[in-house]
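Participant: Taking the hints into account, I'd like the entire structure generated from these sequences.
2 protein chains.
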Amino acid sequence: MAAALQTLGGGIGITLHWIAFTPTIEQQATEEQKKKWLKLAQDVAIVGAYAQTEMGHGTFVRGLETTATYDPSTQEFVINSPTLTSTKWWPGGLGKTANHATVMAQLYTRGKCYGPHNFMVQIRSLENHQPCPGVTLGDIGPKMESNGNDNGFARFDHVRIPRENMLMKFARVEADGTYVQPPSSKLAYSNMVYLRGTFVMSAAQALASATTIAVRYSCVRRQSEMKPGEPEPQILEYQTQQYKLFPQLAAAYAFWFASWFMTQQHGSITGSMEKGDMSGLAELHALSAGLKSYTTAVTARGIDVCRMACGGHGYSHASGLPALFGGAAALCTAEGENTVMMLQTARYLVKCFAQSQAGKRLTGTVAYLSAVQPSPVAGNRNMSDLGTLVAAFQHRAARMVRHAAMQMQGEMQKGKAREDAWNSCSVLLIKAAEAHVHSFVVRNFAETVQTVEVDESVRAVLTSLCQLYSLYGITEHAGDFLKDGYLTGRDIDAASSHLSAMLARVRPDAVALVDAFDLHDKILRSVLGRYDGRVYEHLYEWAKKSPLNKSEVHESYYKYLQPFLKSNRAKL
Amino acid sequence: MAAALQTLGGGIGITLHWIAFTPTIEQQATEEQKKKWLKLAQDVAIVGAYAQTEMGHGTFVRGLETTATYDPSTQEFVINSPTLTSTKWWPGGLGKTANHATVMAQLYTRGKCYGPHNFMVQIRSLENHQPCPGVTLGDIGPKMESNGNDNGFARFDHVRIPRENMLMKFARVEADGTYVQPPSSKLAYSNMVYLRGTFVMSAAQALASATTIAVRYSCVRRQSEMKPGEPEPQILEYQTQQYKLFPQLAAAYAFWFASWFMTQQHGSITGSMEKGDMSGLAELHALSAGLKSYTTAVTARGIDVCRMACGGHGYSHASGLPALFGGAAALCTAEGENTVMMLQTARYLVKCFAQSQAGKRLTGTVAYLSAVQPSPVAGNRNMSDLGTLVAAFQHRAARMVRHAAMQMQGEMQKGKAREDAWNSCSVLLIKAAEAHVHSFVVRNFAETVQTVEVDESVRAVLTSLCQLYSLYGITEHAGDFLKDGYLTGRDIDAASSHLSAMLARVRPDAVALVDAFDLHDKILRSVLGRYDGRVYEHLYEWAKKSPLNKSEVHESYYKYLQPFLKSNRAKL
Numbered sequence: 001m002a003a004a005l006q007t008l009g010g011g012i013g014i015t016l017h018w019i020a021f022t023p024t025i026e027q028q029a030t031e032e033q034k035k036k037w038l039k040l041a042q043d044v045a046i047v048g049a050y051a052q053t054e055m056g057h058g059t060f061v062r063g064l065e066t067t068a069t070y071d072p073s074t075q076e077f078v079i080n081s082p083t084l085t086s087t088k089w090w091p092g093g094l095g096k097t098a099n100h101a102t103v104m105a106q107l108y109t110r111g112k113c114y115g116p117h118n119f120m121v122q123i124r125s126l127e128n129h130q131p132c133p134g135v136t137l138g139d140i141g142p143k144m145e146s147n148g149n150d151n152g153f154a155r156f157d158h159v160r161i162p163r164e165n166m167l168m169k170f171a172r173v174e175a176d177g178t179y180v181q182p183p184s185s186k187l188a189y190s191n192m193v194y195l196r197g198t199f200v201m202s203a204a205q206a207l208a209s210a211t212t213i214a215v216r217y218s219c220v221r222r223q224s225e226m227k228p229g230e231p232e233p234q235i236l237e238y239q240t241q242q243y244k245l246f247p248q249l250a251a252a253y254a255f256w257f258a259s260w261f262m263t264q265q266h267g268s269i270t271g272s273m274e275k276g277d278m279s280g281l282a283e284l285h286a287l288s289a290g291l292k293s294y295t296t297a298v299t300a301r302g303i304d305v306c307r308m309a310c311g312g313h314g315y316s317h318a319s320g321l322p323a324l325f326g327g328a329a330a331l332c333t334a335e336g337e338n339t340v341m342m343l344q345t346a347r348y349l350v351k352c353f354a355q356s357q358a359g360k361r362l363t364g365t366v367a368y369l370s371a372v373q374p375s376p377v378a379g380n381r382n383m384s385d386l387g388t389l390v391a392a393f394q395h396r397a398a399r400m401v402r403h404a405a406m407q408m409q410g411e412m413q414k415g416k417a418r419e420d421a422w423n424s425c426s427v428l429l430i431k432a433a434e435a436h437v438h439s440f441v442v443r444n445f446a447e448t449v450q451t452v453e454v455d456e457s458v459r460a461v462l463t464s465l466c467q468l469y470s471l472y473g474i475t476e477h478a479g480d481f482l483k484d485g486y487l488t489g490r491d492i493d494a495a496s497s498h499l500s501a502m503l504a505r506v507r508p509d510a511v512a513l514v515d516a517f518d519l520h521d522k523i524l525r526s527v528l529g530r531y532d533g534r535v536y537e538h539l540y541e542w543a544k545k546s547p548l549n550k551s552e553v554h555e556s557y558y559k560y561l562q563p564f565l566k567s568n569r570a571k572l
Numbered sequence: 001m002a003a004a005l006q007t008l009g010g011g012i013g014i015t016l017h018w019i020a021f022t023p024t025i026e027q028q029a030t031e032e033q034k035k036k037w038l039k040l041a042q043d044v045a046i047v048g049a050y051a052q053t054e055m056g057h058g059t060f061v062r063g064l065e066t067t068a069t070y071d072p073s074t075q076e077f078v079i080n081s082p083t084l085t086s087t088k089w090w091p092g093g094l095g096k097t098a099n100h101a102t103v104m105a106q107l108y109t110r111g112k113c114y115g116p117h118n119f120m121v122q123i124r125s126l127e128n129h130q131p132c133p134g135v136t137l138g139d140i141g142p143k144m145e146s147n148g149n150d151n152g153f154a155r156f157d158h159v160r161i162p163r164e165n166m167l168m169k170f171a172r173v174e175a176d177g178t179y180v181q182p183p184s185s186k187l188a189y190s191n192m193v194y195l196r197g198t199f200v201m202s203a204a205q206a207l208a209s210a211t212t213i214a215v216r217y218s219c220v221r222r223q224s225e226m227k228p229g230e231p232e233p234q235i236l237e238y239q240t241q242q243y244k245l246f247p248q249l250a251a252a253y254a255f256w257f258a259s260w261f262m263t264q265q266h267g268s269i270t271g272s273m274e275k276g277d278m279s280g281l282a283e284l285h286a287l288s289a290g291l292k293s294y295t296t297a298v299t300a301r302g303i304d305v306c307r308m309a310c311g312g313h314g315y316s317h318a319s320g321l322p323a324l325f326g327g328a329a330a331l332c333t334a335e336g337e338n339t340v341m342m343l344q345t346a347r348y349l350v351k352c353f354a355q356s357q358a359g360k361r362l363t364g365t366v367a368y369l370s371a372v373q374p375s376p377v378a379g380n381r382n383m384s385d386l387g388t389l390v391a392a393f394q395h396r397a398a399r400m401v402r403h404a405a406m407q408m409q410g411e412m413q414k415g416k417a418r419e420d421a422w423n424s425c426s427v428l429l430i431k432a433a434e435a436h437v438h439s440f441v442v443r444n445f446a447e448t449v450q451t452v453e454v455d456e457s458v459r460a461v462l463t464s465l466c467q468l469y470s471l472y473g474i475t476e477h478a479g480d481f482l483k484d485g486y487l488t489g490r491d492i493d494a495a496s497s498h499l500s501a502m503l504a505r506v507r508p509d510a511v512a513l514v515d516a517f518d519l520h521d522k523i524l525r526s527v528l529g530r531y532d533g534r535v536y537e538h539l540y541e542w543a544k545k546s547p548l549n550k551s552e553v554h555e556s557y558y559k560y561l562q563p564f565l566k567s568n569r570a571k572l
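Chains A and B supply the protein sequences, listed in that same order.
Here full-length UniProt numbering is used: the first residue of the first sequence is 1, the next is one more, and so on.
Here full-length UniProt numbering is used: the first residue of the second sequence is 1, the next is one more, and so on.
Please note that a few of the clues may not be correct.
Chain copies aren't distinguished; within one or between two, either way the pair holds.
Stated by the list, open to error - Pairs of lysine to aspartate or glutamate, DMTMM-like flavour, derived with a Cα cap of 25 Å:
hint, residue 1, residue 2
1, Lys414, Glu237
2, Lys244, Glu476
3, Lys414, Glu230
4, Lys186, Glu274
5, Lys186, Glu174
6, Lys227, Glu174
7, Lys169, Glu274
8, Lys351, Asp521
9, Lys544, Glu65
10, Lys275, Glu335
11, Lys351, Glu225
12, Lys571, Glu76
13, Lys186, Asp385
14, Lys227, Glu411
15, Lys112, Glu419
16, Lys571, Asp43
17, Lys545, Asp176
Since the hints were made in silico from the structure, they are not lab data.
Facilitator: Structure representation (structure tokens):
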């Protein structure tokens with residue numbers, strides 16, 4: 001199924017049925033509810049949308065305005081959209097495709113609000129697909145990409161559903177309207193960790209696709225003269241081109257490995273949670289939020305770098321790159337806006353820092369926060385040693401977390417409320433959290449290339465790629481490493497010259513490194529990134545299929561241009 | 001005309017007739033040729049394209065493959081596309097609209113190639129718009145944006161045109177085939193300077209539009225709780241939102257002022273050139289290449305920052321931001337690919353550096369290169385003083401130019417060919433050239449706010465904006481300032497805290513600053529950026545007009561979904 005959806009690309013009306021509607025039933029319905037709906041969903045006897053986001057609220061779920069008010073006299077919930085901004089907005093497939101939706105609404109019972117809960121609502125007739133009474137539906141209009149998916153809106157005018165349509169695996173409302181608290185809300189966190197892990201994987205895949213296209217095309221495209229009179233070189237010979245593409249290629253590998261880590265950790269945490277051990281969840285949740293934010297942001301920018309590296313042709317849909325960019329751009333604001341996600345990570349780090357100050361020894365992905373020395377000793381560091389590079393990233397992150405936390409403490413000591421201090425330090429906090437995530441990605445990359453079971457020749461190439469990734473990060477963020485003297489200007493020069501050397505070293509393996517992603521032409525959908533390299537012939541064939549080329553003289557000529565030109569000529 | 005084209009947005013088939021075809025006649029045709037074609041073009045009795053770029057060559061014009069071979073026996077040129085990659089590719093309006101084109105082709109006469117020259121070629125019949133014999137035309141297919149413009153392809157199979165159709169204001173071919181050199185090629189440079197100046201202005205306008213949309217929407221949108229129990233604040237109150245938008249807003253002003261400088265300098269240089277004084281041209285040409293590259297790159301990224309700052313709604317075409325991004329993205333690769341442009345600037349800077357080493361005193365925009373001290377003295381700098389900030393940017397640029405040039409010299413001394421040394425230092429060279437352009441933009445911004453004729457209260461706001469722009473640049477590129485100790489970690493902390501203060505100071509004037517761009521709703525074409533702030537009502541109205549909403553049940557239901565669901569239900 002995943003492969004089929006992938007081949008279709010960009011998403012269609014039924015995509016969210018599979019990746020959101022059905023899993024919601026699996027995860028939030030009782031066994032009895034599953035018997036009723038899960039098979040219907042799995043066999044696509046009904047088709048569903050996941051209706052959470054509203055016109056006025058996205059990431060801030062507590063702010064949702066749709067209400068589900070329990071009426072004990074009929075044992076029904078009344079689903080209602082009290083304001084314009086409460087209109088459900090954006091859910092994929094909601095506009096035209098879905099006949100059911102899980103609707104997130106503020107639960108009211110016995111006069112009290114218990115916050116957002118999920119309800120199963122039929123929205124269209126199973127007979128004729130007309131909207132159900134009280135339900136207003138529509139498509140929200142064209143978007144940057146993913147226009148094969150009818151992202152939709154829905155308004156509910158006091159729509160009544162049976163009490164049993166509340167998804168009650170966790171919280172429940174009894175027949176008399178009594179609200180029964182869920183035993184633990186931690187499981188919801190675990191699902192979120194999983195979902196964000198899939199974003200990391202999507203980012204990795206998108207960046208892998210873009211680098212495959214750009215690296216392959218850069219071996220086909222020849223341009224300019226490197227030396228007078230010599231033939232035009234493949235553009236991948238230019239250092240500037242390598243500097244654009246290889247860090248993206250390395251990041252694609254780094255993000256794959258980060259997504260492996262997330263998958264493996266989620267599995268192990270789920271196992272522990274089933275045994276009642278919730279200890280690792282908060283750490284993994286914080287990491288997943290930051291990783292989702294970091295990897296999607298780097299990926300979207302990276303794809304655009306790849307597009308520009310393909311010159312004008314990158315701008316054509318023939319390249320596949322505008323669609324990849326549009327897809328990755330959506331990842332940055334969907335399912336938790338990236339800035340809000342990174343602030344979640346920051347919040348956890350500030351808490352860890354305070355614990356560390358209070359003498360607690362930190363473990364796992366944040367262990368380094370208490371291990372790093374506040375006053376570093378500068379020295380001649382070996383900037384090609386992976387251990388040195390990892391340590392530098394950890395030092396940077398620890399310093400920035402400390403700096404942001406201390407700044408916040410300082411403002412509170414001067415009398416600012418905690419919330420105001422948080423807001424006025426939030427740029428520092430975001431940067432500290434990014435540095436933390438970045439250091440995790442570097443460390444995980446380094447550990448993976450050291451331990452992954454591959455030929456030693458492959459390990460050598462991956463090690464170069466990991467060095468390249470790390471050195472690029474250091475030179476791009478040199479200020480963070482120089483600021484407290486941990487690295488010196490000489491270290492940065494050394495990093496910069498090692499990086500140049502790594503660009504040259506990766507060059508001969510670049511095509512093999514993208515081929516290893518094993519992305520079939522049918523998945524890439526790119527004339528520039530074709531495996532066989534026959535770019536120009538197929539660019540011509542692709543263009544000939546343009547809708548405008550169906551006739552030699554386009555209809556607009558007869559309608560507009562001919563009379564316009566004629567009247568202009570008559571005036572001469 | 002410009003205003004009309006602007007209102008249409010994105011470009012249509014006739015756009016390039018106005019901004020490229022007609023100006024080419026104006027600039028490159030003889031008086032006799034102008035008599036023949038200019039009025040036809042100006043009155044749109046003919047409609048033209050500017051056919052330069054080919055499938056296989058863009059920015060590297062010398063590499064073009066289309067040939068124009070002179071045949072003295074008939075006094076004709078033979079226009080030919082000898083290879084697939086010589087197919088003209090991308091020219092706006094070429095595919096379906098134009099009936100004439102200025103075709104850039106390698107001029108061959110008497111067995112010798114004289115490089116690319118421009119030729120007027122009729123490509124479609126004036127009677128029935130059919131392609132002329134030997135001419136193959138078509139649209140190149142859908143692109144990231146600007147799909148209202150039929151960017152096209154053209155192939156020529158030995159198409160004969162009269163000798164008089166070579167645009168001969170500069171170079172000429174006489175009846176017997178004698179090639180007559182142009183008196184000076186400098187005028188072509190002057191046109192390029194002008195054209196690149198228009199790119200700077202386009203970048204400024206695009207960034208102004210995006211910031212207008214995002215700042216206005218950020219005052220309408222309310223989200224989350226800053227303090228428990230308080231109403232949701234306008235999202236512009238969040239420091240993270242200010243940090244996203246205000247540097248873009250400041251950059252929009254900085255780029256307007258840079259484009260004023262370019263316009264004014266181009267005017268003054270043109271005056272000098274008419275008197276035979278070519279002295280300022282090389283400097284202005286180098287600056288224009290770098291400014292085109294820098295401003296378009298920052299603008300494209302900045303628009304995407306604005307899009308993400310509008311959350312999910314930024315992704316909808318209702319926001320206008322995807323179209324603005326697509327337009328700005330095109331500016332980065334069109335009319336001289338940005339990396340190649342920046343390397344042109346670098347080449348000039350390296351030359352200046354060598355001249356300065358040889359004792360020449362540099363003037364104008366590069367004067368600071370010889371004035372800056374190699375070994376700076378660190379001290380407690382006043383990081384809120386504009387003069388200090390400008391000096392810091394100039395020091396950074398001078399250091400980086402010197403570093404790149406010395407690195408190159410070092411490699412050549414070790415035996416590398418100049419071209420190889422150039423390539424292996426090209427990343428350093430690009431960064432140095434960017435630093436030079438950045439320092440120019442900062443200095444020009446600072447000088448403009450000090451001298452522009454405005455109320456002192458307006459000057460105060462602009463000064464804050466200029467400080468914000470400069471401080472943001474320093475914190476984002478802190479490594480460049482810290483590396484040789486010119487700024488200290490303490491200076492960076494001071495810059496960072498002044499920047500926070502500036503974000504808060506600009507906040508109350510933010511809406512006035514975008515309103516001052518005076519972009520009418522008809523130009524912005526954005527539901528989110530509406531002047532009246534009635535975003536949500538109009539978002540709903542806009543969505544209702546989606547083509548998918550023409551019928552309550554979409555035709556795809558009857559065609560695909562109904563039978564699919566039915567057969568799935570039958571299997572249950």
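Participant: Does each hint hold? Answer for all of them.
Facilitator: Do the hints match the structure? See the list:
| no. | hint | verdict |
| --- | --- | --- |
| 1 | Lys414 x Glu237 | between (56 Å within a copy, 21 Å between copies) |
| 2 | Lys244 x Glu476 | both (12 Å within a copy, 19 Å between copies) |
| 3 | Lys414 x Glu230 | between (68 Å within a copy, 23 Å between copies) |
| 4 | Lys186 x Glu274 | within (11 Å within a copy, 77 Å between copies) |
| 5 | Lys186 x Glu174 | within (23 Å within a copy, 85 Å between copies) |
| 6 | Lys227 x Glu174 | neither (81 Å within a copy, 33 Å between copies) |
| 7 | Lys169 x Glu274 | within (16 Å within a copy, 83 Å between copies) |
| 8 | Lys351 x Asp521 | neither (47 Å within a copy, 46 Å between copies) |
| 9 | Lys544 x Glu65 | between (50 Å within a copy, 21 Å between copies) |
| 10 | Lys275 x Glu335 | neither (29 Å within a copy, 63 Å between copies) |
| 11 | Lys351 x Glu225 | between (56 Å within a copy, 20 Å between copies) |
| 12 | Lys571 x Glu76 | neither (74 Å within a copy, 31 Å between copies) |
| 13 | Lys186 x Asp385 | neither (40 Å within a copy, 51 Å between copies) |
| 14 | Lys227 x Glu411 | between (59 Å within a copy, 16 Å between copies) |
| 15 | Lys112 x Glu419 | neither (27 Å within a copy, 76 Å between copies) |
| 16 | Lys571 x Asp43 | between (68 Å within a copy, 9 Å between copies) |
| 17 | Lys545 x Asp176 | neither (64 Å within a copy, 44 Å between copies) |
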